[in-house]
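Listed in order, the protein sequences are those of chains H and A. Numbered by the working numbering, the letters in the first sequence go through residues 1 to 300 in order. Numbered by the working numbering, the letters in the second sequence go through residues 1 to 578 in order.
Derived by calculation from the structure, the hints in this document are not laboratory data. Only a predicted model underlies this, so the values are computations on that prediction, with no experimental measurement involved. Backbone N, C-alpha and C define an ideal beta-carbon position, used for all residues, glycine too. All the given hints hold, so there is nothing to weed out.
Only part of the chain A face toward chain H is listed, based on derived beta-carbon distances under 7 Å:
{"no.": "1", "residue": "Gln396"}
{"no.": "2", "residue": "Phe399"}
{"no.": "3", "residue": "Asp401"}
{"no.": "4", "residue": "Glu404"}
{"no.": "5", "residue": "Leu406"}
{"no.": "6", "residue": "Asn407"}
{"no.": "7", "residue": "Arg422"}
{"no.": "8", "residue": "Leu453"}
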Amino acid sequence: MTDTTYTPELSAPVNRRSAWSRGFAHFRYVMTSNPVTFLAFVLLAGMIVVALFGPSLVPYDPLATLSDKALKPPSREHWFGTDQLGRDVFSRVVVATRLDLLISVSAVALSFVCGAAMGACAGYWGGWFDKLSGRFLDTIMAFPLFVLAMGIVAAAGNTIQNIVIATAIINLPFYARVARAEVSIRRNAGYVQAARLSGNSEFRILLLKILPNTLPPMMVQLSLNMGWAILNAAGLSFIGLGVRAPTAEWGIMVAEGANFIISGEWWMALFPGAALMLAVFTFNLLGDGLRDLVDPQRRT
Amino acid sequence: MTSQLHNPPLLHVRNLQVEFATRKGPVTAVRSVNLQVAKGETLGIVGESGSGKSVTSYAVMRILDRAGRIVSGDIEFSGMKLHDAGEATMSDLRGREISMIFQNPRAALNPIRPIGKQIEDVLIRHAQTSRDHAKARAIEALERVRIRDAAKRYHAYPFELSGGMCQRVVIAIALACKPQLLIADEPTTGLDVTTQKAVMELVRDLTRSQGMATLLITHDLGLAGEYCDRIVVMEQGEVVEQQDTCGLFTAPAHEYTRRLIRSTPHAAQNIRDLLPDELRLPPPPAVEPAATDEPLLVVTDLVKAFDPPVGLLQRLKNRGRKPEQGVRAVDGISFSIARGESVGLVGESGCGKSTTSAMVMRLLDATSGSIRFKGQELTEVPAGEFARSPLRRELQMVFQDPHESLNPRSTAAQSIADPLLRLTGLRGGNVIRERVEQLAAQVGLPLDLLDRLPHQLSGGQKARVGIARAISTKPELLILDEPTAALDVSVQAVVLNLLADLKAEFGMSYLFVSHDLEVVRLLCDRVIVMRAGSVVEEGPTAQILSAPSAAYTRELLAAIPRPAHLPHHAATAKVALA
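Start from the sequences and build out the full structure, keeping to the hints where you can.
So, in structure tokens, the structure goes:
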């Protein structure tokens with residue numbers, strides 16, 4: 001902290017690395033400093049690869065029925081066994097990844113954007129919008145959330161789009177509340193006042209100066225919610241709402257497999273259930289890593 | 001010094017070395033520190049941030065955080081070895097034999113427990129009293145620290161008390177068990193000068209009457225000089241000098257001590273005196289401000305009232321009646337600033353000086369009154385829309401906390417470039433970069449630091465970034481809101497000189513908001529003293545500080561700690577003695 005040099009060292013070499021290489025160095029630092037974060041990112045990368053290329057990688061058509069091979073236990077040809085219609089469970093589990101991730105990512109993205117916008121406005125300007133949005137969110141929270149989602153899908157129609165919207169609505173209060181709290185503690189921070197003096201408009205200050213600083217806690221919320229959104233989508237399918245048979249989806253597969261557990265055909269429910277668990281596990285582990293990535297204090 | 005030979009020291013630290021485990025391997029925070037405190041003695045540890053003065057005291061209390069570790073050395077307290085004592089022994093000693101007062105009194109108190117109960121807790125923990133008598137003892141302790149209506153205050157929560165009162169409660173807790181050694185870690189930082197004086201005199205009187213030894217840790221050489229018998233000066237984890245107070249000020253042995261004494265603004269005749277010889281530069285060529293009689297800024301009858309929050313029920317009850325007057329933070333003040341003049345706005349916390357500067361800066365709407373800047377009325381444009389006004393670039397501000405006023409996600413260069421992009425219409429990456437580098441050079445910020453984030457810069461560097469940002473649009477009026485309050489004295493000396501040079505170079509006018517009269521004396525032509533939202537006194541600096549007419553100004557001047565051995569600037573010392 002000794003800072004007594006009065007004459008500037010103008011001849012000091014100017015070292016300007018590109019933003020990309022600095023970003024990559026920071027990514028590498030976060031990955032290597034915490035093995036759990038590294039594991040979570042590897043699992044996430046694996047899931048993204050499976051979601052993108054799954055349908056062209058699988059050995060069987062996930063919808064093709066082979067009646068002579070119905071209800072076979074796991075074997076060399078069928079790694080996860082076959083279901084009651086003779087469909088290959090492994091192929092169905094792999095292909096379902098894309099749909100499940102799509103539903104949960106779009107639902108979470110939707111509630112993140114809407115919730116952050118709503119909470120940020122409420123936290124920054126306060127007043128009637130804050131009161132109104134606060135009571136609206138309280139109303140959502142007052143419902144048992146899964147029942148609310150069931151009601152929305154049942155009323156609006158049984159489509160993938162409606163599952164996404166229902167999941168987004170029940171997640172909205174979490175983002176809005178975190179965003180409101182994080183914005184309202186920063187709205188008169190020194191750097192916000194300084195931004196006002198620099199001639200930034202209020203909207204610009206909120207969007208470019210305050211919101212980026214609320215990202216670290218929002219990221220933790222995001223990753224916890226991702227796992228929850230996957231479970232929610234699968235849960236809706238499990239009780240017969242949302243995705244319909246014969247589409248490959250983890251929730252329906254668990255639901256169908258559950259009928260056969262008593263008769264000893266455990267593999268039909270176990271493998272899609274395990275895939276579901278792995279996905280939730282991955283997103284829950286991701287939280288700390290994502291926060292560290294977006295937190296500038298972690299950079300050196 | 002002789003008394004030490006006869007008395008065995010109460011606390012004896014030998015060759016203390018403390019290390020902290022960090023991301024980049026172990027860092028030595030304190031190396032080979034030797035010090036001793038005799039019974040009834042007050043020892044000051046003085047140093048700037050990072051000197052290891054707090055770490056030394058934490059090591060004595062054995063409350064280093066988990067990353068910290070005593071590597072070697074002995075700590076002996078009245079015959080007991082503290083450096084390898086068990087946690088059970090230590091928690092028995094803490095509060096009973098050695099007590100500590102922390103910097104932020106509000107953070108040191110439990111916010112959800114009445115203060116009286118918190119005093120009882122300590123007494124009961126150390127078996128000083130039974131539960132039946134605890135309350136009476138706690139009220140006694142509150143009376144000892146001169147809290148009025150102690151029996152009533154017993155039930156108060158920390159948030160109901162002012163900062164000075166909270167610090168008294170912390171002192172009451174620390175002294176409740178009559179310890180032998182009191183460690184005070186920056187006990188008055190963040191308190192007003194008059195409160196500081198009251199708290200320090202209280203500590204001195206109580207420790208004297210109970211024959212306690214005190215270890216006062218502070219960055220303020222003036223404070224240590226006034227209240228300590230002996231002073232230890234630390235720099236970067238090492239003790240550089242250890243002398244009795246008189247000797248330290250009259251014949252400092254170490255170069256660092258001399259620099260520290262010089263940086264303290266008490267003795268300086270002018271602002272260049274604060275700097276070490278090698279850093280003194282000739283003043284830059286001064287720009288004569290445009291010769292007009294019209295003042296740059298005229299503030300007339302400015303009022304800011306904060307309305308109490310009114311619920312729906314209250315509003316229904318009050319319908320038809322005139323709404324209640326809220327708190328008037330600024331109560332009709334008037335002043336003016338001429339071109340090229342620097343005016344000090346002085347007062348204690350809560351006097352409305354920050355509210356005034358926020359209104360002049362158009363960050364806050366005034367309730368009534370007028371602010372005329374270069375003949376134009378500023379209050380006509382609401383604060384929320386002032387960002388688009390062409391006058392925005394003429395009015396800029398340097399904030400109190402250099403860290404908090406920088407966006408944690410923006411590099412130094414981005415922070416400096418922000419007003420350039422928004423207000424000057426400068427475009428193009430290279431043009432902006434060139435101007436940013438020019439500004440960095442003007443404020444003495446090394447260019448290789450421009451791509452760092454705020455948390456990678458030191459306090460002084462961050463202050464420079466804030467100043468560079470404020471002067472980037474070449475404003476005519478710059479408000480400085482306690483720009484050096486969060487800085488070490490040696491950095492403060494450099495920053496004050498930088499501000500004086502920049503003012504001369506660009507012909508800016510300053511409104512310097514501060515609680516520190518010594519700094520105002522060096523930097524300002526004129527002073528306005530504020531109290532409770534109104535102007536108490538106004539006039540040329542020399543006159544106000546040497547012959548103040550208001551009693552409040554005299555009280556403020558008298559409260560500045562003045563070590564008897566430090567040569568004073570004659571004018572202010574005279575007032576203090578009167």
